[in-house]
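Colleague: Keeping their order, the protein sequence lines are chains A and B.
For the working numbering, add 23 to where a residue sits in the first sequence, where the first one is 1.
For the working numbering, add 3 to where a residue sits in the second sequence, where the first one is 1.
Heads up, a few of these hints could be off.
[Stated by the list, open to error] The list that follows gives simulated cross-link-like pairs (lysine to aspartate or glutamate, EDC-like), each with its CA atoms no further than 20 Å apart: (1) Lys60/A - Glu28/A; (2) Lys60/A - Glu111/B; (3) Lys122/A - Glu89/B.
Calculated from the structure, these hints are not laboratory results.
Computed from a predicted model, the values in this text were never measured in an experiment.
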Amino acid sequence: GENVEQHPSTLSVQEGDSAVIKCTYSDSASNYFPWYKQELGKRPQLIIDIRSNVGEKKDQRIAVTLNKTAKHFSLHITETQPEDSAVYFCAASLTGGFKTIFGAGTRLFVKA
Amino acid sequence: SAVISQKPSRDICQRGTSLTIQCQVDSQVTMMFWYRQQPGQSLTLIATANQGSEATYESGFVIDKFPISRPNLTFSTLTVSNMSPEDSSIYLCSVVASGRVGELFFGEGSRLTVL
C-alpha cells in the first residue's frame with residue numbers, strides 16, 4: 024500500500040521567511056496530492072493540492088511542486104506570518120480521494 | 004463543500020465498553036472515510052464506508068473491533084468495540100464532496116478517552 028514520508032517534523036522560521044516541507048510517496052498509482060493545515064483543536068482543512076499531470080501550482084503565498092519521477096512533492100510558503108503556525112500534512116491518494124494516506128505532519132512555528 | 008456533523012464530540016468511556024460515533028453529511032456523497040488521530044499524531048485511515056456493502060478496512064483494522072454502517076448516502080456510524088486505553092484518540096469522519104477532485108472534508112472529530 025501507499026506510504027507517505029514527510030520532513031521535517033518541526034520547522035521554526037522567523038516571520039517573513041520562507042518555509043519548505045517535503046514529502047515522498049511510494050505508490051506510483053497515486054495521482055492526487057493534497058496539503059492540509061490543522062490548527063490546534065481544529066479539523067484539517069485543504070490549503071492546496073496538485074494532480075499528477077501538473078508539475079507546479081501556486082496560490083498567493085503558497086506553492087506546491089511535484090516530481091513524479093522521483094515521487095517527491097513539496098510545499099512552499101513564502102512571507103510567512105504568525106497565523107501560518109499550525110501542523111501541515113501532505114497526503115497522497117488515488118483519483119477522487121480514495122484511500123488518502125497522510126504523512127506524519129510538520130509542526131510549523133512562525134516567530135513574530 | 005460539505006458540512007459534516009459528528010456525535011458525540013467527546014466522551015469518556017470505561018474499558019470493555021463500546022461506543023458508536025455518528026456522522027451526518029448535508030449532501031449525498033459517494034465516499035465516506037473514517038480516520039483516527041492519536042494525540043499529536045497524523046491521521047490514519049481506518050476504513051472506507053461503502054453504501055450498500057461492507058466497509059473496506061485498512062491493514063491493522065478489523066470489522067469486529069470497528070464495525071461500520073452506511074445505510075444511505077448521507078450517514079455513517081463507526082463503533083469502537085471492547086475499548087481499551089489504547090483506543091483513546093480522536094476519530095474523524097471525512098467525505099469527498101460531489102464535484103470535488105479528491106478534497107476531503109472532515110467532521111470536527113470525536114475525542115474518546117478510555118479509562
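Colleague: All hints, please: hold or fail.
Modeller: Each hint, compared with the structure:
Restraint check for Lys60/A and Glu28/A: satisfied, since their Cα atoms lie roughly 16 Å apart, inside the 20 Å limit. With a C-alpha separation of about 14 Å, the suggested pair Lys60/A and Glu111/B falls inside the 20 Å cut-off, and the hint holds. Taken as a hint, the Lys122/A and Glu89/B pair is broken in the structure, with Cα atoms around 24 Å apart against an allowance of 20 Å.
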